[in-house]
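Chain by chain, the residues run as shown.
Number of protein chains: 6
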Amino acid sequence: MVEHSMRAEILVEALPYIRQWTGTTMVIKYGGAAMVSDEHKRSVAQDLVLLQHVGIKPLVVHGGGPRISSLMKQMGKEPVFVDGQRVTDVETMEIVQMVLVGLIGQDLVTHIYQAGGRAVTVSGKDGKTLVACKKCGGAVDLGHVGEIIEVHTELIKTLSEAGYLVVVSTIGTGEDGEAYNINADTAAGEIAGALSAEKLIVLSDVPGLLRDPADEGSLVATLKMAEAQMMLESGQIEGGMRPKVEACVRAVSLGVPRAHLLDGRLHHSIIMELFTDRGVGTMIER
Amino acid sequence: MVEHSMRAEILVEALPYIRQWTGTTMVIKYGGAAMVSDEHKRSVAQDLVLLQHVGIKPLVVHGGGPRISSLMKQMGKEPVFVDGQRVTDVETMEIVQMVLVGLIGQDLVTHIYQAGGRAVTVSGKDGKTLVACKKCGGAVDLGHVGEIIEVHTELIKTLSEAGYLVVVSTIGTGEDGEAYNINADTAAGEIAGALSAEKLIVLSDVPGLLRDPADEGSLVATLKMAEAQMMLESGQIEGGMRPKVEACVRAVSLGVPRAHLLDGRLHHSIIMELFTDRGVGTMIER
Amino acid sequence: MVEHSMRAEILVEALPYIRQWTGTTMVIKYGGAAMVSDEHKRSVAQDLVLLQHVGIKPLVVHGGGPRISSLMKQMGKEPVFVDGQRVTDVETMEIVQMVLVGLIGQDLVTHIYQAGGRAVTVSGKDGKTLVACKKCGGAVDLGHVGEIIEVHTELIKTLSEAGYLVVVSTIGTGEDGEAYNINADTAAGEIAGALSAEKLIVLSDVPGLLRDPADEGSLVATLKMAEAQMMLESGQIEGGMRPKVEACVRAVSLGVPRAHLLDGRLHHSIIMELFTDRGVGTMIER
Amino acid sequence: MVEHSMRAEILVEALPYIRQWTGTTMVIKYGGAAMVSDEHKRSVAQDLVLLQHVGIKPLVVHGGGPRISSLMKQMGKEPVFVDGQRVTDVETMEIVQMVLVGLIGQDLVTHIYQAGGRAVTVSGKDGKTLVACKKCGGAVDLGHVGEIIEVHTELIKTLSEAGYLVVVSTIGTGEDGEAYNINADTAAGEIAGALSAEKLIVLSDVPGLLRDPADEGSLVATLKMAEAQMMLESGQIEGGMRPKVEACVRAVSLGVPRAHLLDGRLHHSIIMELFTDRGVGTMIER
Amino acid sequence: MVEHSMRAEILVEALPYIRQWTGTTMVIKYGGAAMVSDEHKRSVAQDLVLLQHVGIKPLVVHGGGPRISSLMKQMGKEPVFVDGQRVTDVETMEIVQMVLVGLIGQDLVTHIYQAGGRAVTVSGKDGKTLVACKKCGGAVDLGHVGEIIEVHTELIKTLSEAGYLVVVSTIGTGEDGEAYNINADTAAGEIAGALSAEKLIVLSDVPGLLRDPADEGSLVATLKMAEAQMMLESGQIEGGMRPKVEACVRAVSLGVPRAHLLDGRLHHSIIMELFTDRGVGTMIER
Amino acid sequence: MVEHSMRAEILVEALPYIRQWTGTTMVIKYGGAAMVSDEHKRSVAQDLVLLQHVGIKPLVVHGGGPRISSLMKQMGKEPVFVDGQRVTDVETMEIVQMVLVGLIGQDLVTHIYQAGGRAVTVSGKDGKTLVACKKCGGAVDLGHVGEIIEVHTELIKTLSEAGYLVVVSTIGTGEDGEAYNINADTAAGEIAGALSAEKLIVLSDVPGLLRDPADEGSLVATLKMAEAQMMLESGQIEGGMRPKVEACVRAVSLGVPRAHLLDGRLHHSIIMELFTDRGVGTMIER
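Just so you know, the protein sequences line up as chains D, Z, R, V, C and A, in that order. Okay, so the first sequence: first residue is 0 according to numbering that gives the first Met the number 0, each after it adds one. Okay, so the second sequence: first residue is 0 according to numbering that gives the first Met the number 0, each after it adds one. Okay, so the third sequence: first residue is 0 according to numbering that gives the first Met the number 0, each after it adds one. Okay, so the fourth sequence: first residue is 0 according to numbering that gives the first Met the number 0, each after it adds one. Okay, so the fifth sequence: first residue is 0 according to numbering that gives the first Met the number 0, each after it adds one. Okay, so the sixth sequence: first residue is 0 according to numbering that gives the first Met the number 0, each after it adds one.
In isolation and in its complexed conformation, chain D is listed as follows (with noise of 0.2 Å):
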């Protein structure tokens, strides 16, 4: 147990950090396990409404892979990935659309409320936040899959200034009307730059970028974004920590001063990355 006067210091020595991040706009990408058990729901919650008391705006971007795949079978039909992305025809789609918008942000909006705040979810078709088209190249057609080519941040903007903590469900809308299914890493980097948001935070299931996927110890904890770009194109990066690290990278060039990979397996890692002196995970800047 940790003594009071304790706990009065520790909230004083949080005061340069406060003082650093108020005001600013944190982007946090929130998928894998955080979002699997109730208690890390819960830690991830709090940590966002803290933030929020706090004088910072954050804003969420989830994904819903896991939960998707399992409707589908539920439904018969097997999930197909090509290149680690979802091959998406129009049934799917709608499942897609069911899963992130009807129930993952929705879910996310109750934790919050119980944590204290008070939260709105955003579909990218809301206010046609993320206006996207379908996604080109490769041998194979990935039917709705999409790349975004616009961010609207009114709507965004709009609830942000009347105190709502805003979760977005990447759902991208085609000029025409189209839904798209956009991935929510490369989302919450084209979000984060066009918010020119202070921090990229994007929450996984390991410590951050390891030299040696199979060795913990051998996380990196600072990189530069040219570094990052550079084991990009080597294929030193794979798997799902590819697109975590193009989200980073993505956000840096365009503006935003650092992102991060943090483990999302440990509780309240946003404020240990935030607001004490020991970074958790990787830092990747300019």
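Hint data in this document are derived by calculation from the structure and do not stem from the laboratory. Glycine included, C-beta positions come from ideal geometry on N, C-alpha and C. Please note: incorrect hints may appear among the correct ones.
Simulated restraints on C-beta separations [to be verified]: (1) L231(V) / S195(R): 16 to 26 Å; (2) D175(D) / D175(Z): 38 to 48 Å; (3) L231(V) / K156(A): 47 to 57 Å; (4) S195(R) / G216(Z): 53 to 63 Å.
With a cut-off of at most 25 Å between alpha-carbon atoms, the simulated PhoX-like pairs for lysine-lysine come out as follows [unchecked claim]: (5) K76(C) / K156(A); (6) K72(D) / K76(Z); (7) K156(D) / K156(Z); (8) K156(R) / K156(V); (9) K76(A) / K72(C).
We have chain D; now place chains Z, R, V, C and A onto it with these hints.
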């Protein structure tokens, strides 16, 4: 073909009606046939956008029963109704939420954008807009079927004032964060009252309230709230029409001057009601 | 008689036009036959109020030559014109001011109120809106005939933003406080430019610009500004049409995208031009 | 010649008065001799602009009887008065409007601009500011003579807040759009009341209320509203002074703390009354 | 040393308290030991800035008795007290003002800037914030000792809303411009009431209210206002604690929900009281 | 005695000057004789309040050398000056701060309230308004004598816009929190520049700049900035006049159109300069 001068004449003849409604809020309950064909959706979306352009603040509340049942069946669950209400276990609640919030609300937003408007979906969880509790009474436990105990209009007003057309999906949220399945007609009545709307307009698949449901010629053009209440109590109004008339009565009792039951199968029935001298359907007033 | 459903259809068909013009400023030069009969005045007032209700900011600039001449005669003065301009001695200037500001502007305000709008007259002296100097050149001294050297839009904007429809009487004021008689067509062109209007609409007693003034079939539907300028320079355009075309050219040269010469004898010609797919009259653009 | 140091002293001595009136509204009824010579007009305009510069919101209500009569004669009409009120047929109404709105109001605006202020005229039709009905009673039909039934202050307030000095021409407008000739003294009293003015100041051609109209030495310096009412009822106050005293009584009864009858023939009588310790003229208070 | 994860945990555990106090005003009476050492000043300044960063509006009221006495002695004047109140002749009044306004307030502003905040001093003369009159009663004339008769909060609110932390030096001003020496505890109570503060926090050199002043173990943890009043009346509370308890009772009687007597010798006692579950010191409530 | 009509005349004659200065900021450096007698203080306070009432934003910067020296002596310290600058050790710095912030600023606030205005003192520490560093160069270490490196105008503007007359005490604050003694003339020049003031007015005990300091008849009425600079460089200007002329030159070089040296011994010299046609003292312009 109508002459251009006559077209201008007709626009000018709508002027007194435009003057009458400008600045008011209109709640439109959207459901039934009007929600099935793309042509009908387009027609309703155009009506809504036209309303917005002449200075009216329209708000849409939508249902989605048939679609929910069809997804349930696809997932191997048999829909069960008791007294017209869907028995809603935990899994069914998720399906309700996925269909209403994830599919139908999003679909309507897209149609409104294509008609030239700007729209946003709001579930009852977003901004804690619809606070509900478990519906009591009845011999059978209906599970997550809830009733509204409070409407928080703040989020809706923030969005309306920022120029967005709000589409409400009627998921309720308990104080404990539990999700509730709310009848959309009922919700529309409560929301119209909470917003001090000028009108509640309920679109259905019949011409209005019929004295003899089998005879479309037996349409009741206008009805006092007290008469409607008596007809409800005496059991004269049955089936799907019952919650619609109840919603109208509820809205009028909360101060909404007039509530209308319109035929959603007619194109532009909203415009016809509001901007011509011919009332269509049934009007319920104090 | 037109069916109600068709009426609704026609209203909805106006939607794309409403969307296009909402939020813009339209300057309407009002004069000639449209200003004589009560029926025409009513029709124009309705058009103006309809414009205001669909989000357009209309501003009216009116003339009043015939009425001025008739009052002059009543007071025993013979109107004298040189090159289409009224010789304006001190006494005539007072008559001009009394007729334009005291009668015609006030009359139009009353008609707009009766059509359901809210209006205010503004002379060029009010708020020093039209600063003018004595018109130079010419063999004959025209007296108080002036030309605009500056348009101060502040008063007009204050009234527009407060929701009033502004009616401008084209009296100019010299820096020395002297009153000047300003051609209303010319003033309309200058004001449209100063307000960065979307359109200048000039109502007259002919269908538009006619290649052969004697043949209403020789209507020019569209004209480039440069062509119009050439036609003016070559003297092809004569009489009362000359200052109207000059005003259109001036407005377009100041950045107004399009200027229109409409037949004020047709009822609701403004609405026809703006809200149907049939252009009426002549359009001049860059 | 006054020394510069004494000039500074005098400015400073005005300070308590400036403090007292700053932020208040003063309604000035302007008429009679003060409206004839250019020198007097200049003096009144300077007073008004000085008021505005020290934080007072002055509003001018003007009459114009002599000028109306002279124009009538010029047009071959003989002015007819019954009990001091002008019989106003349709043609006379137009003359009244032309003179008040078209000439006198405009003239005053110009003088205010030359004294360094910014002014706007408002007739009772503009913004439907003075709603009137036909004056009833009396043996003779006075035609378009009206009395005020409502003062809409919205337009006046919009202009005042935007920094314009408002000049009101007392034309009334019926609900039917009919124009009415309103006594300017009466209108000033009503407007002062509607605006919750701090003072009503009525300029006339006498030093104030005289016990013996033939003896300027019989000036009444201050008078309670009740006394003034008794004097009106007993017929002690006659002729042109009657409506002026009635206006003062009306304003005071509507809550205006004090009303003043000042000698408009003295230069700067408004300034003298407001900023020196010598009351000039007659003050009527509750 | 505390682990980083525990630090994050502690920050998150403060969340419910932060939520509870955000948006409220807290008046802190600062004096005694907490005002002597630089380390204590730094600690209090950090607490104040932290409060501001989590959305609380803190306002500081400071005393300065010992410093005043020491300057008096330096200037050859012997401090004289009657019933705990300083006899304040004209010269002493100037010394009081110089020390409070010129030294201590300024010193606190500097410490707040160094802790990362933005501060401004306000004496009771600035903005006529503390209107006072000579304190009456008592056998001895205390000279310029005054009591507050009105608190004008306008200046404080202007500065608070502009984001400044306000430091109040308790000099009062008479309607005649006379300066008055006001007890800082008393002033803090009045100001807390006038601002409808959420809490009044009085820092002193004891742990709180002690039943037996000689025994720190006899601390009263909570006390009803009525009990405190009785204890004051019965003379149980004496010496320097008396005005502190009176200030708490006064604030609570003016509607402040809770007043606290904290031990200013403990570092971060304000933070401990507000953000942990351990109450420190004595709480007085209604 | 001056007649009332002449008083009105004189007020009106000030109108063009009032118009000219309304809305501008005037920085007044207040010191010397004008700060000694109560009568002079009253006179200056009246001038300031009059300025405020005619729409000018006055800001006062005050000195207080003699009072500082007298307190030093009272405390047994001998004032030491090197090149006209006070050697300021730590203890002296506290005395400077106590006198300027605690006495003189407060005194001026009281006088302004008694003249009917609303005032607030601001030291350079409040809102970090005057950021300074230790003055370098010179053979002797002057201790806490500083020079301004930045003027933060935010606090001053907040207070000005809220209608307070700001009184600045020229204590500077180092980035490290250290206090600095700043020459008030110099500070006035810097502040006038930072606020883009319309004028800097420096009150002193002489009629203005004299070619021959012994001959008041040798007054320089106007001077170009370049000439003034030359006179400074050539050493023609000496003693207390030197920093005053330097401040004027500095202000003009920062864009202030005109700076004035006025005789503070004359009552209402500020009013005389601003509102009559007689310039008093010396004017320095670009």
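Right, here's what the structure says about each hint:
For L231(V) paired with S195(R), a C-beta distance near 56 Å fails the hint of 16 to 26 Å. Between D175(D) and D175(Z) the beta carbons are some 42 Å apart, a value that agrees with the proposed interval 38 to 48 Å. L231(V) and K156(A) have their C-beta atoms about 54 Å apart, which keeps the hinted 47 to 57 Å range intact. The hinted window of 53 to 63 Å between S195(R) and G216(Z) holds, with their beta carbons roughly 57 Å apart.
Restraint check for K76(C) and K156(A): the C-alpha separation of about 41 Å exceeds 25 Å, so the hint is violated. Under the criterion of a C-alpha separation no larger than 25 Å, the hint pairing K72(D) with K76(Z) is consistent with the structure, at around 15 Å. Pair hint K156(D) plus K156(Z) holds up; C-alpha atoms about 15 Å apart against a cutoff of 25 Å. Between K156(R) and K156(V), the direct Cα distance comes to roughly 15 Å. Compliance with the 25 Å bound is thereby established for this hinted pair.
Between the alpha carbons of K76(A) and K72(C) the distance comes to roughly 15 Å, so the proposed pair stays at or under 25 Å and holds.
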